[in-house]
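Asks: Residue numbers (the numbering used here), protein chains in the order written: chain S, 1 to 384; chain X, 1 to 384.
Just to be clear, a hint being listed does not mean it is correct.
It does not matter which identical chain is meant; a pair holds if it fits inside one copy or across any two.
Stated by the list, open to error - Below are the DSBU-like pairs computed for lysine-lysine, each with C-alpha atoms no more than 35 angstroms apart in a straight line: (1) K219 <-> K321; (2) K76 <-> K321; (3) K369 <-> K16; (4) K76 <-> K42.
Derived by calculation from the structure, the hints in this document are not laboratory data.
Please read these numbers as outputs of a predicted model, since none were measured by experiment.
Protein chains: 2
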Amino acid sequence: MENFAFYNPVKILFGKGQIANIAAEIPADAKILITYGCGSIKANGVYDQVKSALAGRNVFEFGGIEPNPHLETLLKAVELIRKEGIDFLLAVGGGSVLDGTKFIAAAVHFVGDPWDILAKQAPVTAALPFGAVLTLPATGSEMNTNSVITKWETQEKLYFASPLVFPRFSVLDPETTFSLPPRQIGNGIVDAYTHVMEQYLTYPANAPLQDRMAESILKTLIEEGPKTLANPQDYDARANLVWSATMALNGLIAVGVPQDWTTHMIGHELTALHGLDHAQTLAVVLPSTLTIRRDRKSQKLLQYAERVWGIVDGDEAERVKEAIAKTRNFFESVGVRTHLSDYGVGLDTIPAIIKNLEKHGMTALGEYKDVNPQVVEQILTLSA
Amino acid sequence: MENFAFYNPVKILFGKGQIANIAAEIPADAKILITYGCGSIKANGVYDQVKSALAGRNVFEFGGIEPNPHLETLLKAVELIRKEGIDFLLAVGGGSVLDGTKFIAAAVHFVGDPWDILAKQAPVTAALPFGAVLTLPATGSEMNTNSVITKWETQEKLYFASPLVFPRFSVLDPETTFSLPPRQIGNGIVDAYTHVMEQYLTYPANAPLQDRMAESILKTLIEEGPKTLANPQDYDARANLVWSATMALNGLIAVGVPQDWTTHMIGHELTALHGLDHAQTLAVVLPSTLTIRRDRKSQKLLQYAERVWGIVDGDEAERVKEAIAKTRNFFESVGVRTHLSDYGVGLDTIPAIIKNLEKHGMTALGEYKDVNPQVVEQILTLSA
Chain S
1 MENFAFYNPV
11 KILFGKGQIA
21 NIAAEIPADA
31 KILITYGCGS
41 IKANGVYDQV
51 KSALAGRNVF
61 EFGGIEPNPH
71 LETLLKAVEL
81 IRKEGIDFLL
91 AVGGGSVLDG
101 TKFIAAAVHF
111 VGDPWDILAK
121 QAPVTAALPF
131 GAVLTLPATG
141 SEMNTNSVIT
151 KWETQEKLYF
161 ASPLVFPRFS
171 VLDPETTFSL
181 PPRQIGNGIV
191 DAYTHVMEQY
201 LTYPANAPLQ
211 DRMAESILKT
221 LIEEGPKTLA
231 NPQDYDARAN
241 LVWSATMALN
251 GLIAVGVPQD
261 WTTHMIGHEL
271 TALHGLDHAQ
281 TLAVVLPSTL
291 TIRRDRKSQK
301 LLQYAERVWG
311 IVDGDEAERV
321 KEAIAKTRNF
331 FESVGVRTHL
341 SDYGVGLDTI
351 PAIIKNLEKH
361 GMTALGEYKD
371 VNPQVVEQIL
381 TLSA
Chain X
1 MENFAFYNPV
11 KILFGKGQIA
21 NIAAEIPADA
31 KILITYGCGS
41 IKANGVYDQV
51 KSALAGRNVF
61 EFGGIEPNPH
71 LETLLKAVEL
81 IRKEGIDFLL
91 AVGGGSVLDG
101 TKFIAAAVHF
111 VGDPWDILAK
121 QAPVTAALPF
131 GAVLTLPATG
141 SEMNTNSVIT
151 KWETQEKLYF
161 ASPLVFPRFS
171 VLDPETTFSL
181 PPRQIGNGIV
191 DAYTHVMEQY
201 LTYPANAPLQ
211 DRMAESILKT
221 LIEEGPKTLA
231 NPQDYDARAN
241 LVWSATMALN
251 GLIAVGVPQD
261 WTTHMIGHEL
271 TALHGLDHAQ
281 TLAVVLPSTL
291 TIRRDRKSQK
301 LLQYAERVWG
311 IVDGDEAERV
321 KEAIAKTRNF
331 FESVGVRTHL
341 SDYGVGLDTI
351 PAIIKNLEKH
361 GMTALGEYKD
371 VNPQVVEQIL
381 TLSA
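Looking at chain S on its own, in the form it has when it is part of the complex (with noise of 0.2 angstroms):
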């Protein structure tokens, strides 16, 4: 095992009726910004739960958050911040609401450019404290230090990370998920299942609790994903997609082992891009970068097959080869679509992704730093 930091103070109110109880985790004289994204938090009474549970406090909005949020919008309610003098932000969404929000609260007292708390991963300095009110069960935002932020004048995605953007508190409501169509739903299981397997998929690194709790999430959201697909007012199906979400990235399952990650950053590029949902964009990558590394990720490929897809006959290249369709079929299964060719995007998209890739400093990629450009290449066309 790796020698490692952990830190993960966020805390979680899980359940029915919890947006009730935020009221007493913002301090009582504060001057909170409720940041939201298009407006079904309006359609499906989450809002109103939530001036419910503030009534009497000092409060401003901020709405119209758009998926992957935008830096031209992010800027907007930085200067409401300043002008209005808000001292608190309550993000009330899905990831990119909470990513968003997590920008607002490191740019507001940033000096200089916040887009280069991105760009040039200038570091935070201080930020607005923040709680959340997550309605989409996919990211793990809730309970992590991650920010993804799109600049939409340069269609640049990029990400930073910060311990000063926890969020004080997130609120987990699972009822609150159950109007969300389907296609956000599957795209939130491919999610969290590729954030399992970029810290999983690996080498093995001894460190088998890690592994077996990583198998734990990947195994839940197989089991629990289509019983909530089929019935998305089954409270239980749901609460455990949830948590699953969460558990699948707030740093538990990666102490103390080696991470991989090319499947989201070249996945970020083709959102950039070419606008696909960022699970739509996993479930293409992640499948063709199993198999073009699959000699170096032998080990951990074969220890998935057999735990969790139960992969036991068949020499070492099929059984991988088997685990690599049956993740592809999961993906569909749940309704996200696996080639780039379901999406419209054509391999003369190859260049331009790599061009950004380089830009971005993303030439050394992978738990081996070796998923150099021309590795990208074959990833890509594996996608077609």
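Using the hints, position chain X against chain S.
Replies: Relative to the frame of chain S, chain X by itself:
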């Protein structure tokens, strides 16, 4: 899944050489009290590492905290802290030193008799901040709010918990545990294993991820425990035991599920009356508790039999019986005996144990709150 709140802000520094990093975790102007046990840290080099890491700092020392730490001892530390104006504690040792330090931290500002924190569950309203350097994998105290203290005068062993006694940080360097005798490693394995069982082996709550994570810890202990006993210098095996013991009781596998703790409550009384090691009491009581409660726990016992021990043959009663037998054999295999008679304790102790449980309000134990004195008598009788 049941509603839950989860919060665990302990920063973990895991791995070789991490003691060298503690100075950065303690305020520069702190008056620090190092608390420790009966001197093993001076023999194994940990004391020197800590002193070296804190060179130039304002450091006091308080040694002599015994196993099952005594109120009477800990109050002497409280006196020293008040006299010297100490404002940060650093616990260096195993679960007893950590539990004792939590009590010291809570007692310093307590108005009235600090034993009330345990005997009357008086609320803790303030506590000194503290960090920990763990030298014995077992109790999980390094990443939770629990503390068990013994009042020597009255032979009472009681617990308290408060979010104010989370360690600010805990250093877990597996190498510091290489010199531990096999008895303490065996005890640690049984302690961690039983912690998981208290949170897992109850009734199904449709929480498959929590179940699988609990099973992950159990399987890792079964796999790595014998390895680390056979070769104490095997870094990875020891690291896996250390991390498993921490994960066994940091709150994560308990979220949204019922808990038992019958075995621990009976065990505490056995230690208080007869001086058995904590883990010895657990090894004695757990198999009997599972047997006596096998009807109410049948669904989880069958799941445990299949997933942890691979038992699939035989009728339900046979599978349950075999799983409990394997549990007992595992404890014996790591050197912890599982019968009262192994420790020279006769069944004539039962009335005294029950009287003490009644005195401590422990007359309705377990996940159904139906383990009354009569059931305790059955459990202890079976433990002969």
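Asks: Work down the list of hints and note, for each, if the structure agrees.
Replies: Do the hints match the structure? See the list:
1. K219 <-> K321: Close inside one copy (19 angstroms) and across copies (28 angstroms); limit 35 angstroms.
2. K76 <-> K321: neither (48 angstroms within a copy, 65 angstroms between copies)
3. K369 <-> K16: Answer is between; shortest inter-copy Cα gap is 24 angstroms, intra-copy 43 angstroms.
4. K76 <-> K42: Within. Shortest intra-copy distance 21 angstroms satisfies the 35 angstroms Cα cut-off; inter-copy 59 angstroms does not.
Checked against the numbered hints above, the structure violates only hint 2.
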